[in-house]
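Residue numbers (the working numbering), protein chains in the order written: chain P, 1 to 371; chain Y, 1 to 349; chain H, 1 to 347.
It is worth saying that the hints were derived from the structure and are not from the lab. Among these hints, one or two may not hold up.
Covered stretches of chain Y (in silico footprint by chain P; criterion: 3 or more residues with CB under 8 angstroms from a CB of chain P, positions within the stretch not fixed) [unchecked claim]:
#1 120-134
#2 223-231
#3 262-268
#4 310-317
We treat Cβ as the ideally placed atom computed from N, Cα and C, and that holds for glycine.
Below, each chain spelled out in residue letters.
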Amino acid sequence: MSTSVLSRPEGSTRSYPAYSRPLWRRVLFTREFAVIALLVAVIFYSNNNVPNFDGPLTFYYLFLDIAPILLIALPMTLVIITGEIDLSVASVVGLSSVLVAQLHVEAGLSIPVAGLIAILVGAVCGAFNGFLVAYVGLPSLAVTIGTLALYRGIAVGLLGTKAVTDFPEKWTDLAKERIVEGHAYPMILIPFVVLAIAFVLLLHFSPFGRGVFEIGLNDEAAHFTGVNVQRTKFLLFVLAGAVSAFAGIYYTLRFGSARGDNATGLELQVIAAVLLGGVSIFGGRGAIHGVIAGVILIGVISSAMRLESYTVNKINIVIGTLLVLSVISTSFLGWAKDLWSRRGRGSGPSSSEKNGQHRQAVAADESTNER
Amino acid sequence: MSDTLLVEPSAVSPTKRIVGELLRSREIAVGTVLVLVIAFTTIKSPSFLFSDNGWRDLLLTPSLLLLLAVGQTAVIITRNVDLSVGSTLGLTAYFTGKLFVDHPGLPIIAVFVAGLLMGALLGLVNGVLVAFFRVPSLVITLGTLYIYRGIFLSWAGSSRINPSDLPHGFLDLGTKQILTIPVLTIIGLVALGLTGYYLYTARGGRELYAIGSDPDAAVLYGLPVTRRVIGAFVLCGALAGLAGVVYTARYGTVSSNAGYGMELQAVGAAVIGGVAIFGGSGTVWGAAIGAFLLVTINRALPVVGISDFWQRAVVGALIIAAVVLDRVLSARQERRLIAARDETREPSA
Amino acid sequence: MKFRNRRITALAAVSLVASLALTACGGSDSDGGSDGGSGGSASGDISVTFLPKNLGNPYFDISDAAGKKAVESYGGTYEQVGPDTGSADGQVPFINTAAQQGVSALVVSANDPEALCDALKEASDAGVKVVTFDSDTNPDCRDLYVQAATSEGIAKKQVDLIAEQIGDSGEVAILSAAANATNQNAWIDLMKKDIADNHPNIKLVDTVYGDDDDQTSFDKTAALLSAHPNLKGIISPTTVGIAAAARYLSTSDAKGKVALTGLGTPNQMREFVKDGTVTAFALWNPGDLGTLSAFAAKALVDGTIKGDEGDKFDAGDLGSFTVGKDSVVLLGDPFTYDKSNIDDFDF
Numbered sequence: 001m002s003t004s005v006l007s008r009p010e011g012s013t014r015s016y017p018a019y020s021r022p023l024w025r026r027v028l029f030t031r032e033f034a035v036i037a038l039l040v041a042v043i044f045y046s047n048n049n050v051p052n053f054d055g056p057l058t059f060y061y062l063f064l065d066i067a068p069i070l071l072i073a074l075p076m077t078l079v080i081i082t083g084e085i086d087l088s089v090a091s092v093v094g095l096s097s098v099l100v101a102q103l104h105v106e107a108g109l110s111i112p113v114a115g116l117i118a119i120l121v122g123a124v125c126g127a128f129n130g131f132l133v134a135y136v137g138l139p140s141l142a143v144t145i146g147t148l149a150l151y152r153g154i155a156v157g158l159l160g161t162k163a164v165t166d167f168p169e170k171w172t173d174l175a176k177e178r179i180v181e182g183h184a185y186p187m188i189l190i191p192f193v194v195l196a197i198a199f200v201l202l203l204h205f206s207p208f209g210r211g212v213f214e215i216g217l218n219d220e221a222a223h224f225t226g227v228n229v230q231r232t233k234f235l236l237f238v239l240a241g242a243v244s245a246f247a248g249i250y251y252t253l254r255f256g257s258a259r260g261d262n263a264t265g266l267e268l269q270v271i272a273a274v275l276l277g278g279v280s281i282f283g284g285r286g287a288i289h290g291v292i293a294g295v296i297l298i299g300v301i302s303s304a305m306r307l308e309s310y311t312v313n314k315i316n317i318v319i320g321t322l323l324v325l326s327v328i329s330t331s332f333l334g335w336a337k338d339l340w341s342r343r344g345r346g347s348g349p350s351s352s353e354k355n356g357q358h359r360q361a362v363a364a365d366e367s368t369n370e371r
Numbered sequence: 001m002s003d004t005l006l007v008e009p010s011a012v013s014p015t016k017r018i019v020g021e022l023l024r025s026r027e028i029a030v031g032t033v034l035v036l037v038i039a040f041t042t043i044k045s046p047s048f049l050f051s052d053n054g055w056r057d058l059l060l061t062p063s064l065l066l067l068l069a070v071g072q073t074a075v076i077i078t079r080n081v082d083l084s085v086g087s088t089l090g091l092t093a094y095f096t097g098k099l100f101v102d103h104p105g106l107p108i109i110a111v112f113v114a115g116l117l118m119g120a121l122l123g124l125v126n127g128v129l130v131a132f133f134r135v136p137s138l139v140i141t142l143g144t145l146y147i148y149r150g151i152f153l154s155w156a157g158s159s160r161i162n163p164s165d166l167p168h169g170f171l172d173l174g175t176k177q178i179l180t181i182p183v184l185t186i187i188g189l190v191a192l193g194l195t196g197y198y199l200y201t202a203r204g205g206r207e208l209y210a211i212g213s214d215p216d217a218a219v220l221y222g223l224p225v226t227r228r229v230i231g232a233f234v235l236c237g238a239l240a241g242l243a244g245v246v247y248t249a250r251y252g253t254v255s256s257n258a259g260y261g262m263e264l265q266a267v268g269a270a271v272i273g274g275v276a277i278f279g280g281s282g283t284v285w286g287a288a289i290g291a292f293l294l295v296t297i298n299r300a301l302p303v304v305g306i307s308d309f310w311q312r313a314v315v316g317a318l319i320i321a322a323v324v325l326d327r328v329l330s331a332r333q334e335r336r337l338i339a340a341r342d343e344t345r346e347p348s349a
Numbered sequence: 001m002k003f004r005n006r007r008i009t010a011l012a013a014v015s016l017v018a019s020l021a022l023t024a025c026g027g028s029d030s031d032g033g034s035d036g037g038s039g040g041s042a043s044g045d046i047s048v049t050f051l052p053k054n055l056g057n058p059y060f061d062i063s064d065a066a067g068k069k070a071v072e073s074y075g076g077t078y079e080q081v082g083p084d085t086g087s088a089d090g091q092v093p094f095i096n097t098a099a100q101q102g103v104s105a106l107v108v109s110a111n112d113p114e115a116l117c118d119a120l121k122e123a124s125d126a127g128v129k130v131v132t133f134d135s136d137t138n139p140d141c142r143d144l145y146v147q148a149a150t151s152e153g154i155a156k157k158q159v160d161l162i163a164e165q166i167g168d169s170g171e172v173a174i175l176s177a178a179a180n181a182t183n184q185n186a187w188i189d190l191m192k193k194d195i196a197d198n199h200p201n202i203k204l205v206d207t208v209y210g211d212d213d214d215q216t217s218f219d220k221t222a223a224l225l226s227a228h229p230n231l232k233g234i235i236s237p238t239t240v241g242i243a244a245a246a247r248y249l250s251t252s253d254a255k256g257k258v259a260l261t262g263l264g265t266p267n268q269m270r271e272f273v274k275d276g277t278v279t280a281f282a283l284w285n286p287g288d289l290g291t292l293s294a295f296a297a298k299a300l301v302d303g304t305i306k307g308d309e310g311d312k313f314d315a316g317d318l319g320s321f322t323v324g325k326d327s328v329v330l331l332g333d334p335f336t337y338d339k340s341n342i343d344d345f346d347f
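For reference, chain P alone in the conformation it holds in the complex (with noise of 0.2 angstroms):
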């Protein structure tokens, strides 16, 4: 969020040393395996220790609970990996909720046309906030607070006090029903695994995706490389808002019920899923299936403590502190690294630093003297 330099914990910046070790150690040894083994480690003794986890229904519920998390939490690692937040998406799911209902009941459109519809509809609040985040040049916090109470409000306030409950049963069943009968997993997976797919090639595996890594840790140095870094911006809004629609057409489904006020509260959720699978709020580090894993991770905590008849505030408190142990944890990891090499090689680090930082100052006086 920040553009401080000397606050930000090492990227992913490639630097001689990292590429020292081999390459199953760099893989295996990351902030995103740590998640997935201590998601492992918690399934472990939940199937242990849990009465009743170990049955077949966790899982199935797990999936249908958190499917609008992992959706949301794909676009929203991409926006924060560029060093913005979009705390907006909840509200686009309570907007498309509705929108998904009044155009279904109201004007009589099928399912699938009110929710294309109500993706476009998504896709354009996504674009609004893109727009001024992009073009116009406006900290994202501030204008995706103000968003986020512009579209929940629209969504109150087409509705009212109605909750639009009639939608056949055609489609509520489709969004429970499971790919495998007897098995855990609920169809929802398969759009998310197609867009997590995607989602992975376009951060991981395309131009496109470095170009984001790289406006996260600079976004004036991106621009010099050749990164259209408020196209790259704006899209990113743009697929969060899309996404975020979707999900909201899962949440009504699934629910049976349309309300203006559903998912409130749903976008620190998906913050708090992503930024505990190891993506830093500053930009520019984070990866796909460490976020995955982070958002599991968060369900099956909840669903665990609910099987053993902790109610909310408790499950409030595990997240909670989980998240704050997550960031501090790689802080102080880093700053233990770095008085270790400090110590190991004297003075050297910290005068290349300034140079870069000096470097930095210097492109950002050109830039400012070419506008």
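Start from chain P and add chains Y and H according to the hints.
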């Protein structure tokens, strides 16, 4: 990037400068909108302003958000944000009620101090985590938002605070007026005045601005960044704690969702009042007027006949308008400053 | 070339870890499945889970506390879970969990008649007996509904109270709970009808929603008064709403001029009845509602009743109850509290 004065202020005549400053002042712009909203609503329904209740509620209702927005401003100025204020408010509100239940004879002033300290403690936790570990405040306070609310709910359990648990003297504070101004509003205004004075004149206050406009420069310059940032969070927590006590006095009951979602309103009020989200600029006066505007609009809409369902949409549009306005103004100023700098730089370049 | 090889090694390492992880949970999955099943059937006693609209709501705290006492009186295990705000999607995960735990019965107050349905049906399929209390779902989603009083009775009571207090003419408004609350909306519709049919001089000017939140209800009351200067009465059919409205009125100059009635608990309202803000209000005993629900759950689990019309069961101190049409059990009539009797009650 910072607004270093490249044009000598004294080059312009004092009267011109004051007039110009007034015209550009964000506080005056937001204040004008506030006055317009009040005027328009009063024309529709005179009792909005002129009845005793209308006048009292006009001043009383914003007092909570006023306290939160003032504290939030101190934090935002340092380029941080505190999302946990809503939970802090809830937790201290319950703490206040609990104090009265457990120690019925406690003097009211002691309870105010206790609430303030409780809030300061919660703020200290945020501050220490953010400043010592150098981690983003957004994440830390998002975490403590969950943690504080969880603690509040677990602690409160199924017990809650009812008006009958509280002494009459305390409940009366909720509506007592001195010279027609409600006591709780006076508390809010005093907190506003003290914080505003500190930020405007004291060395520590100016350093908060310096830290916010360029954290790295502040470190290199030798400012006590860690201490100041912790201080800002403690101040914000303490004011949220005070708001918790005020909440209990005003509403008399504390249930599990006290203060739910207030954090975004507090940030919104500050942003509307011209506090830049990236720190370094803005005043508590602006944030205070922003808080008054947000709350007053909420109260005015039903009177004007707009369904209360649309309130949130209006508030959202207002926040965006405020941010866009900021951008337009600062872009204009930046252009002017760059032009001025290019002139002064010409020989050296 | 070497780079490529390393990448393959890394891939192998990753997939090894992943497959280890998967087999780890897969293995214990199949082992534990039978474990859980046997564990569920081994425990013979009755486990009842109460799921209120939201936690920290004094009304539900009373009924759940009484439910706990009742469940423990017949040797069952009691559990209370719930979301922190009154929303249907917050309740669904808890219903799912109850289904997984295989509790004997789930006693739930629904935030939405439709949205909980599928989850409740799945719980039902898993062998959980579903009792709704206070606020119902659609009749086909639950085994039994424990109703505090008939909706008609509740609506008529409140309209009669307000009519009496304002002299049967003038403007009134309603301060309700959440905009989607099943029971409140049903009462509001009936009240509107009753006012139109029987009280031609009373005009219902506005309905606002306080979301069962103190602060919101309080501020909405203030807004009501300034939006409708001629308002003579407020009906608040929710315990949170009436307490907040009373608190606002008691400190405003509308005290004594604007009548307030609705559904409230004596402990919350005592102060305002005594200081003259509120003349009379109504409610059943929420504790009895919890007790009755707990015994209804037991009767369903025992197989004493199936939820058919005419089934009879025993509810401890409350006596014997008969299941009515649509599997509804009725607790009784709402009771009116005023200055003369409020000190006799403590809940």
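Checklist entry - Honestly, which of those hints from before does the structure not fit? => result 2
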